[in-house]
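If you're matching them up, the sequences are chains A and B in order. Each step along the first sequence adds one to the number in the numbering used here, with nothing skipped, and position 124 is 124. For the numbering used here, count along the second sequence from 1 and bump the result up by 1000.
Worth double-checking, as some hints may not be accurate.
To be verified - Under the rule of at most 27 Å between Cα atoms (straight-line distance), these lysine-lysine pairs were calculated in the BS3-like manner:
no.	chain 1	residue 1	chain 2	residue 2
1	A	Lys-287	A	Lys-352
2	A	Lys-305	A	Lys-30
3	B	Lys-1110	B	Lys-1086
4	A	Lys-352	B	Lys-1296
5	B	Lys-1086	A	Lys-287
Said to hold, decoys possible - Looking from chain B toward chain A, a few residues come up when the C-beta cut is under 10 Å (computed):
no.	residue
6	Gln-1072
7	Val-1217
8	Gly-1295
9	His-1308
As the list claims (entries may be wrong) - Derived coverage of chain A by chain B (criterion: at least 3 residues anywhere in the stretch with Cβ under 8 Å from a Cβ of chain B; other residues may be distant):
no.	segment
10	214-220
11	266-277
None of these hints come from the bench; they were simulated from the model. From a predicted model like this one, the values you see are computed outputs, not experimental measurements. Cβ atoms here follow ideal geometry from the backbone N, Cα and C, with glycine treated the same way.
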Amino acid sequence: MAQPRPQHRESDHPAPPMNNGDLIEIDNLKKYFPIQSGFLRRHVGDVRAVDGVTFSIRRGETLGLVGESGCGKTTTGRLIARIFEPTDGSIRISTNGDATDVASLRGEGLHDYWRRVQVIFQDPYSSLNPRRTVSQIIAEPLVCLTEMSAAERRDRVGELLELVGLDPRHAERYPHAFSGGQRQRIGIARGIALNPELLVADEAVSALDVSIQGQIINLMVRLQRELELTYLFVSHDLGIVKHISDRIAVMYVGKLVELCSADGMFRRPRHPYTEALLSAVPRPNPKAKAARILLPGDVADPANKPPGCPFHPRCRYAQEVCAQDEPEWRNVGDEEHRHLVACHFADTLELKGVLQAETTAGTTQ
Amino acid sequence: MANQIVGPEERRTEHQASSNQAPILSIRDLHVDFRMRNGVVRALHGVDFDLAAGQTLGLVGESGCGKSVTAQAILRVIPDPGEIRKGQIIFRPSSRSSGREIDIAALPPKSPLLNEIRREHISLIFQEPMTSLSPVHTIGDQIGEACRLGRSVSRSEARDQSIELLRRVGIPRPEQRIDRYTFELSGGMRQRAMIAMALASDPNLLIADEPTTAIDVTIQAQILDLLEELQQDTGMSLIMITHDLGVVASVADRVAVMYRGVVIEDASCEELFDNPKHPYTRGLLSSVPDLTTPGKSDIATIRGTVPHPFAVIPGCEFHPRCDHFMEGVCDVRFPEETPVGPRPNASDHVTRCHLYTVEKPEEESDGTAATAAPRE
Chain A
1 MAQPRPQHRE SDHPAPPMNN GDLIEIDNLK KYFPIQSGFL RRHVGDVRAV DGVTFSIRRG
61 ETLGLVGESG CGKTTTGRLI ARIFEPTDGS IRISTNGDAT DVASLRGEGL HDYWRRVQVI
121 FQDPYSSLNP RRTVSQIIAE PLVCLTEMSA AERRDRVGEL LELVGLDPRH AERYPHAFSG
181 GQRQRIGIAR GIALNPELLV ADEAVSALDV SIQGQIINLM VRLQRELELT YLFVSHDLGI
241 VKHISDRIAV MYVGKLVELC SADGMFRRPR HPYTEALLSA VPRPNPKAKA ARILLPGDVA
301 DPANKPPGCP FHPRCRYAQE VCAQDEPEWR NVGDEEHRHL VACHFADTLE LKGVLQAETT
361 AGTTQ
Chain B
1001 MANQIVGPEE RRTEHQASSN QAPILSIRDL HVDFRMRNGV VRALHGVDFD LAAGQTLGLV
1061 GESGCGKSVT AQAILRVIPD PGEIRKGQII FRPSSRSSGR EIDIAALPPK SPLLNEIRRE
1121 HISLIFQEPM TSLSPVHTIG DQIGEACRLG RSVSRSEARD QSIELLRRVG IPRPEQRIDR
1181 YTFELSGGMR QRAMIAMALA SDPNLLIADE PTTAIDVTIQ AQILDLLEEL QQDTGMSLIM
1241 ITHDLGVVAS VADRVAVMYR GVVIEDASCE ELFDNPKHPY TRGLLSSVPD LTTPGKSDIA
1301 TIRGTVPHPF AVIPGCEFHP RCDHFMEGVC DVRFPEETPV GPRPNASDHV TRCHLYTVEK
1361 PEEESDGTAA TAAPRE
């Protein structure tokens, strides 16, 4: 944040109205973490964790945000939850049809925003304070952001515990008395305590065993139906994301490379990175291993990005233009089924998805 | 010492043709207890499996099922206060049937033979390379040390061999990388360096404990391919410990599924995925989200959670969570290992479940179990 923040845009030109049905709109969002060096902590560069992403989250949907470690998906989630302040760009939330820019909100305005947007964290072990009881943990947002009385809070905590499938009689226990799955339920109860509109779930099930993962995912789906929640589901696990998401966005080194409906992406990805990512997920089917696409090399360094398309050094379809020009973020689908992608050759490449087609591929192997 | 230079195809047919060839590792009735101040954790109670030479065994299960303790027991590096209470770990370093057999479980903790096994025959790679590689030595020093111990070569030879090993595990410019420290390498490169170190002694058996869990999928695919390639080149046997059924399906020849310290099902990889028998295995398989079906859907789950390690469960360990629970049977008797494979009485697919042991009309008990997919 040593970088000077550009002036808030709203004053320059009036914000366009929000698309009907969108809850959150993100425009050219950036977050740079400065790299400092030496005794004087000179600013020698930036880790461009999020480097200009543009997308929107529709009311009531689950948007999956996937990518490998270091791609900026967690930072994006935290920017949207306004745990971080963006370096540049806008985050607008729809309020009764009007758009409020929250990118630079502070103080009371930010508190209002937090009542509407909450987070569930990855690690149920480190995100719950071991010295506070479950009821204290869940009541924390109620204490900070509402004016409820102690009795009201107690009732609400009991209600929440029941909602997430825990026994309200256990409210006075400490987190260590609960298993990983139960702790994640506590985290969810805290997340929904304020009746938020958007829940940012940051790797919410990644630390859990498979048999428990399913329980938590199903709980989240049920809560979404009952409470009309919108989810931004950040995860590296494509299988889980596929199951819970309506639309999926794929990130690579601070940029979005593709965003479309879950089935659309799994049936026919339009970006070579998505194709490789889908093919690399090990599937519980011994006959399916043939089709893995091996990407050479490592993920690019977000402090020192390759020019042009950040994926070009690992891309098997790369051509000269890919190393020079950054591809534009554009729609290759129709207006109704938007399929956004950042690849020069999205129109011409015939990429392979994993949906169903593999059952035939599997038998021939 | 390497029992190598047999092509993978050859190896496999050889194994199928002569199943009288002794497995490289046989674990029999292995019990490991952790005596804590406030109780005993029976980490393993009666683990049995065989690993055929040159093959890959996938050891799967959820956290706390004892898969890592099994690996630690094989190398006798179980952390305090864990100890092997009973059972055998028969290791046959040579593939010849006349070769010696060593019961690792019976060796005294400081025996020279145990050190020889650790040095030359069995290597272990861990989940998080950063915690098992030294941060204050270059990777060349660390691999070189393993070379000098495992192959008894001089310092300069060790350096050359280290460079060769790094090249073999796919690290670019190994001449330069050898003098780097671990923190200068990316996660995938560190895991490769770790594999290079494990290979330094030409082990007959490599145990990989969650080698790709901390790694991204595209890098994971690289590492899995590398392990497979190395195995084909060297003919070593591999135990792949993982919680990820996808990983198991893509590398294993045989799979042993563990639950609370017991191997509850053991079969060839294809048989296990095509025809799982134990309700836990089925539950586990159906709770893996499927990438290939369109649409959003609920994920199947296994109800409840793995009980606390101190809890002593009578009968079948899985019965409190099982949909096929039979009162008076499952909660009373510990299920025997039962052959359930396509060939009757063969041990190529075994499970521990009363659904297959109880004397009911044979076909029916099989039929109900097979059709009743694990619900919810």
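Within 27 Å, alpha carbon to alpha carbon, are Lys-1086 of chain B and Lys-287 of chain A?
Given that 27 Å is the threshold and the Cα spacing comes to 38 Å, the pair is violated.
Check whether the Cα positions of Lys-1110 of chain B and Lys-1086 of chain B lie no farther apart than 27 Å.
holds (18 Å)
Would the hint on Val-1217 of chain B be counted as holding, given a Cβ-Cβ threshold of 10 Å to chain A?
Val-1217 of chain B check passes; min Cβ-Cβ to chain A is 4 Å, inside 10 Å.
How does the segment 214-220 of chain A fare against chain B when you require at least three residues with a CB closer than 8 Å, holds or violated?
holds (count 4)
When the least beta-carbon distance from His-1308 of chain B to chain A is tested against 10 Å, hint result
holds (8 Å)
With a cut-off of 27 Å on the C-alpha distance, tell me whether Lys-287 of chain A and Lys-352 of chain A pass.
holds (17 Å)
Does the closest beta carbon of chain A sit nearer than 10 Å to the beta carbon of Gln-1072 of chain B?
Hint violated; Gln-1072 of chain B Cβ to chain A Cβ min 20 Å, cut 10 Å.
Given the proposed pairing of Lys-305 of chain A with Lys-30 of chain A, does the C-alpha separation stay at or below 27 Å?
Satisfied, since the Cα-Cα distance of roughly 15 Å is no more than 27 Å.
Confirm or reject the coverage of the segment 266-277 of chain A by chain B under the rule of 3 or more residues with a beta carbon closer than 8 Å to the chain's beta carbons.
holds (count 4)
Gly-1295 of chain B as chain A interface residue, shortest Cβ-Cβ below 10 Å
holds (7 Å)
Given the hinted pair Lys-352 of chain A and Lys-1296 of chain B, is their Cα-Cα distance within 27 Å?
holds (20 Å)
Hints 5, 6, counting from the list given before, are not met by this structure.
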